[in-house]
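Chains as they are written, first to last, in the numbering used here: chain A, 37 to 261; chain B, 986 to 1262.
Hints may be right or wrong, so weigh each one.
Said to hold, decoys possible - Below, a list of computed lysine to aspartate or glutamate pairs in the DMTMM-like style, where the Cα atoms sit at most 25 Å apart:
| no. | chain 1 | residue 1 | chain 2 | residue 2 |
| --- | --- | --- | --- | --- |
| 1 | B | LYS1193 | A | ASP215 |
| 2 | B | LYS1183 | A | GLU208 |
| 3 | A | LYS167 | A | GLU89 |
| 4 | A | LYS107 | B | ASP1189 |
| 5 | B | LYS1193 | A | GLU174 |
| 6 | A | LYS126 | A | GLU110 |
| 7 | A | LYS117 | A | GLU208 |
| 8 | A | LYS167 | A | GLU179 |
| 9 | A | LYS107 | A | ASP124 |
| 10 | B | LYS1257 | A | GLU110 |
| 11 | B | LYS1169 | B | GLU1104 |
| 12 | A | LYS117 | B | ASP1078 |
| 13 | A | LYS107 | B | GLU1180 |
| 14 | B | LYS1040 | B | GLU1113 |
| 15 | B | LYS1183 | A | GLU89 |
| 16 | A | LYS107 | A | GLU130 |
| 17 | B | LYS1193 | A | GLU135 |
| 18 | B | LYS1257 | B | ASP1189 |
| 19 | B | LYS1193 | A | GLU208 |
| 20 | B | LYS1183 | A | GLU150 |
| 21 | A | LYS167 | A | GLU208 |
Just so you know, the hints here were simulated from the structure itself, not pulled from any lab data.
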Amino acid sequence: MSLLQMYNVSKRYETLEVLNEVTLQIDRGDFVCLTGRTGSGKSTLMRLIYMEERPTSGQVIVEGYSSDQIKRREIPHLRRKIGVLFQDFKLLRERTAYENVSFALHVTGRPQREVRKSVVRALTKVGLGHKRDSFPHELSGGEQQRVALARAIVNEPILLLADEPTGNLDLEVGQGIVDLFQQVNYQGTAILMATHNLPLLENLQSRRIHLADGRLTGETGGEIS
Amino acid sequence: MNFGYAMVEAIRSMRRVPLMTTVSVGTIALSLMVFGLFLVVTYNVRGALLEVQAKVDVEAYLEEDVEGEALSLLRAEIATIPGVESVRYISKDQARERFAAEYGDENPLPASLLVTLIESQRTGSGAETVAAGITPMEGVNEVVWGKSWADRLDRLILALTALSILIGLVVSLASVFVIGNTVKLTVWARRDAIEIMKLVGATDGFVKLPFFIEGTIQGFAGAGFALLILFGIYGYVQPGLAGVVFLPTGVCGAMLAMGAALGGIGSQVSIKQFLEV
Ligand SMILES: Nc1ncnc2c1ncn2[C@@H]1O[C@H](COP(=O)(O)OP(=O)(O)OP(=O)(O)O)[C@@H](O)[C@H]1O
Ligand SMILES: [Mg+2]
Chain A
37 MSLLQMYNVS KRYETLEVLN EVTLQIDRGD FVCLTGRTGS GKSTLMRLIY MEERPTSGQV
97 IVEGYSSDQI KRREIPHLRR KIGVLFQDFK LLRERTAYEN VSFALHVTGR PQREVRKSVV
157 RALTKVGLGH KRDSFPHELS GGEQQRVALA RAIVNEPILL LADEPTGNLD LEVGQGIVDL
217 FQQVNYQGTA ILMATHNLPL LENLQSRRIH LADGRLTGET GGEIS
Chain B
986 MNFGYAMVEA IRSMRRVPLM TTVSVGTIAL SLMVFGLFLV VTYNVRGALL EVQAKVDVEA
1046 YLEEDVEGEA LSLLRAEIAT IPGVESVRYI SKDQARERFA AEYGDENPLP ASLLVTLIES
1106 QRTGSGAETV AAGITPMEGV NEVVWGKSWA DRLDRLILAL TALSILIGLV VSLASVFVIG
1166 NTVKLTVWAR RDAIEIMKLV GATDGFVKLP FFIEGTIQGF AGAGFALLIL FGIYGYVQPG
1226 LAGVVFLPTG VCGAMLAMGA ALGGIGSQVS IKQFLEV
């Protein structure tokens, strides 16, 4: 079974129709790139997946949790299986790289003895093992995004959502981030990346989907055309 | 749930807004102190009143020559009236001694039976009932009891207790409000952290826990300071006011618990508003 299914999902804000009958399927190990101009609804689609928003109509199913049945108290458990990454990193300023990553484990109730090993492993994966005691303001943009990536994958999610992850980075540094995504992807985590940054996609083997006028086009996965 | 981590987060959170936290603890200390001050006064006045109330008694003046067996019978009969604790005989001579200063040499005072009431009966109406029981008895000339002031004491104690409850309520509301506001501020200061907690899948309970701890600590500390200040004031004025006592340990403990509870409640009120949006 796929880990994400969206069936005829529409999302309307008052009179503004952002998504119109969108259908999408993502399987384990997929790498999917989502393009679309500003305001086309990419972030909205992401929020529907981690259930920050509910669809106006249609259904979103992630790992067996369905948007029309999930209870409020179940949402945290769904989110532990999804890593999220944003353009602005969302690191906590007064905490070190290590603390930013361990935060995600502590607040989900992981026992202390498991935390250290997992955090060090995640930071090493993104190549920042040596900067674990640096604060965000002591790190470059690319490094900050790598700390955020470590935080997103430290729970070993089945799906990584990256909303414009290279928006604040230059092409070369952005390329480094995408390379890391590929490594994460090789280890089995599916990835959905929204981006404007078309040059970044040139050398990338991935599924491509495109949002325009509320409609999703391109190869949408599964047997749906 | 990882309580230790939530504790660390709560302290971290208070250190981010040290001024606000200080103001909050200070305000709570002040309002609880006012409450405590009132409690001390009520407690002492009540103690004094109870002492006076212990003197609510009934005195039955006897006709001349009630002695011997008649006297014993009368005493026994009075003792059977419900609400009577004990009956003491005051002879003419003793009565004279009691009032010698005012009355000089002659002795117009009759002998009497001083009737002590059981504690629950030491009120205006209690004394009245007992007095009514004694009046028709053989050998009794006149029964006196402090009707008016006994009733007034009842009402005074009632009023003081009501006022304590009222002040307690006002102070409670104020404390919930103050702590609620401070916690709202720290919630605001930590909105990034809350956003991330929710993103990575922290439960609502875990998001709230540090703020709950924070509110509880502030309330507890406020109550602690209030008691310290009160005790300081008490130590300062006590030598001049003999007989004034401090709050009993149980009440002090209750005030600490009350501070902590108010803090906890206040924090939940404010974070609830924030989380549901
Ligand atoms: N909570 C909301 N209330 C009302 N309108 C909203 C809300 N969230 C998004 N929108 C609107 O929905 C549309 C899609 O927004 P969204 O953020 O999903 O676009 P996007 O594709 O991510 O854009 P960008 O590339 O600039 O990030 C926009 O017109 C936006 O103004
Ligand atoms: Mg967006």
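These are the hints, each one checked on the structure:
no.: 1; hint: LYS1193/B x ASP215/A; verdict: violated, 38 Å
no.: 2; hint: LYS1183/B x GLU208/A; verdict: violated, 32 Å
no.: 3; hint: LYS167/A x GLU89/A; verdict: violated, 35 Å
no.: 4; hint: LYS107/A x ASP1189/B; verdict: holds, 13 Å
no.: 5; hint: LYS1193/B x GLU174/A; verdict: violated, 31 Å
no.: 6; hint: LYS126/A x GLU110/A; verdict: holds, 24 Å
no.: 7; hint: LYS117/A x GLU208/A; verdict: violated, 30 Å
no.: 8; hint: LYS167/A x GLU179/A; verdict: holds, 9 Å
no.: 9; hint: LYS107/A x ASP124/A; verdict: violated, 29 Å
no.: 10; hint: LYS1257/B x GLU110/A; verdict: holds, 18 Å
no.: 11; hint: LYS1169/B x GLU1104/B; verdict: violated, 51 Å
no.: 12; hint: LYS117/A x ASP1078/B; verdict: violated, 97 Å
no.: 13; hint: LYS107/A x GLU1180/B; verdict: holds, 19 Å
no.: 14; hint: LYS1040/B x GLU1113/B; verdict: holds, 14 Å
no.: 15; hint: LYS1183/B x GLU89/A; verdict: holds, 13 Å
no.: 16; hint: LYS107/A x GLU130/A; verdict: violated, 33 Å
no.: 17; hint: LYS1193/B x GLU135/A; verdict: holds, 20 Å
no.: 18; hint: LYS1257/B x ASP1189/B; verdict: holds, 10 Å
no.: 19; hint: LYS1193/B x GLU208/A; verdict: violated, 41 Å
no.: 20; hint: LYS1183/B x GLU150/A; verdict: holds, 21 Å
no.: 21; hint: LYS167/A x GLU208/A; verdict: holds, 20 Å
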